[in-house]
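**Student:** Here are the chains, one letter per residue:
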Amino acid sequence: MEQATHWRADPERLLEQHADMVYRIALAHTKNTADAEDVFQEVFLRLVRHSEDLQSEEHAKAWLIRVTANCAKTLLGSAWRRNTAPMVDETLPGGQEVRAGDESGVMAALQSLPDKYRIPLHLFYYEDLAVRQIADILQESETNIKTRLSRGRKRLQTLLKGSGL
Amino acid sequence: MRDEYRQDMDKVHAPAALVEKTRLLMREEAQKIQADKAQQAPQGPEPQAPVLAVANGGKKRTLRRVTSLAACLVVAAGVVGILLLNRGGDTIQTVLTPGQHVAEVQLQNGSLHFANSDNGPSIPFSVADSTRQEAGREAYLAYLGQPRLLEYEGFEEQSFTGYVWYSGMPLITGEINPESVTNDTGVFTYQNGAGEIVTLTLSAKGTLFDAQKANGEIDKKPVYTEYDGTNGVYLARFALSGISYQLAGESMEQETFVRLLATFFE
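Chains as they are written, first to last, in our numbering: chain C, 1 to 165; chain F, 1 to 266.
All clues stand as given, with none of them false.
When the alpha-carbon atoms are kept at most 27 Å apart in a straight line, the in silico BS3-like pairs for lysine-lysine are as follows:
| id | chain 1 | residue 1 | chain 2 | residue 2 |
| --- | --- | --- | --- | --- |
| 1 | F | Lys11 | C | Lys161 |
| 2 | F | Lys11 | C | Lys154 |
| 3 | C | Lys61 | F | Lys11 |
| 4 | C | Lys116 | C | Lys161 |
| 5 | F | Lys21 | C | Lys61 |
| 6 | C | Lys73 | C | Lys116 |
| 7 | F | Lys21 | C | Lys73 |
| 8 | C | Lys61 | F | Lys32 |
| 9 | C | Lys146 | C | Lys161 |
| 10 | C | Lys73 | C | Lys61 |
| 11 | F | Lys11 | C | Lys116 |
| 12 | C | Lys61 | C | Lys116 |
| 13 | F | Lys11 | F | Lys21 |
| 14 | C | Lys154 | C | Lys73 |
| 15 | C | Lys146 | C | Lys73 |
| 16 | F | Lys32 | F | Lys21 |
| 17 | F | Lys21 | F | Lys37 |
| 18 | C | Lys154 | C | Lys116 |
| 19 | C | Lys73 | F | Lys11 |
| 20 | C | Lys146 | C | Lys116 |
| 21 | C | Lys61 | C | Lys146 |
Derived by calculation from the structure, the hints in this document are not laboratory data.
Keep in mind it's a predicted model, so treat the numbers as computed, not measured.
Chain C extracted, bound-state conformation (with noise of 0.2 Å):
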């Protein structure tokens, strides 16, 4: 409790400490570099904003994935995003971003998941979050969080039956 009155967050440390999983979770929502490095750049320039509001590393922690998403989703829902089409392809076949290495191909699948089942996912395989907790980010009831998760895990087996891996 002591240690939570006196903590302050520092945007550049958190910025060091939790730039992949920005990025990550990000490019999990757009599957599109460009977008994910639009959506990380605005995250931390809120994360400046409301840096005085934050009150623990958790809290910072959670923050950052809970305005990730919203981000991410603010920018696919835009207008701008609506109406307009990118000049080069930037996204691979489709519509995955594999920009690193992608050799088991489960990246790839849960990549084409409809954005329900993915971004539970992601959260819960990569991030370590419990159900509880992905549910209070992406702002759902933890009954709909497991069905997702529970779905979203077969249509997984499915895909990866599919491709024969």
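For this one, chain C is given, so just place chain F on it according to the hints.
**Tutor:** Coordinates of chain F only, in the frame set by chain C:
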């Protein structure tokens, strides 16, 4: 499957150049915030008349309906845009505490007053620097004088998307979707460089928001205000001259939202 996904994702890293660029932007932002806090006088950039152009498009009958509504939207949009542009060095002082977001709001003698929920003393806000507001207003009037108000793109069936550009930057993006046109309702979303997002919904149906009980007033006009703490969104609904408005502010300070709200009643 989880381990495989983790192994794949472990190879994905935020590009170093992106991190470095973001770090510099964060420092600039932090300096700007500090300067804003330190300075009483507004220091934001002078508003500039936007570069506007109109491209050819079809379906002029629908366009006329849309442009009449869009013109109304653009008036409000310009005011909002200019205010967002000028937000540096806000002079508004606030001592509002959490939980006071839903409160009676009154504009008195050029200042906004939020009454405490427990009927305590009202808290005055100095709305804005009058000189700066006047400069913004004049700039916007000059902008209105331009023969072409909107650049529009994506005119497809009844969908219309308008963009207003400030110095070549898409400061304001607006959209009226088919459903909105049918219902004489327009939705405009604005986002400035600071990440503040304002969504303005207008409807020619003056009764659109009547279902919402007003919980305050500005300049003796009823206003419904609320704060969605979960999503960090300020919301106000009101009707002026037969037009219903819904103003939502996301990722912005309460003072900024209050100032935007006040401009509709000036």
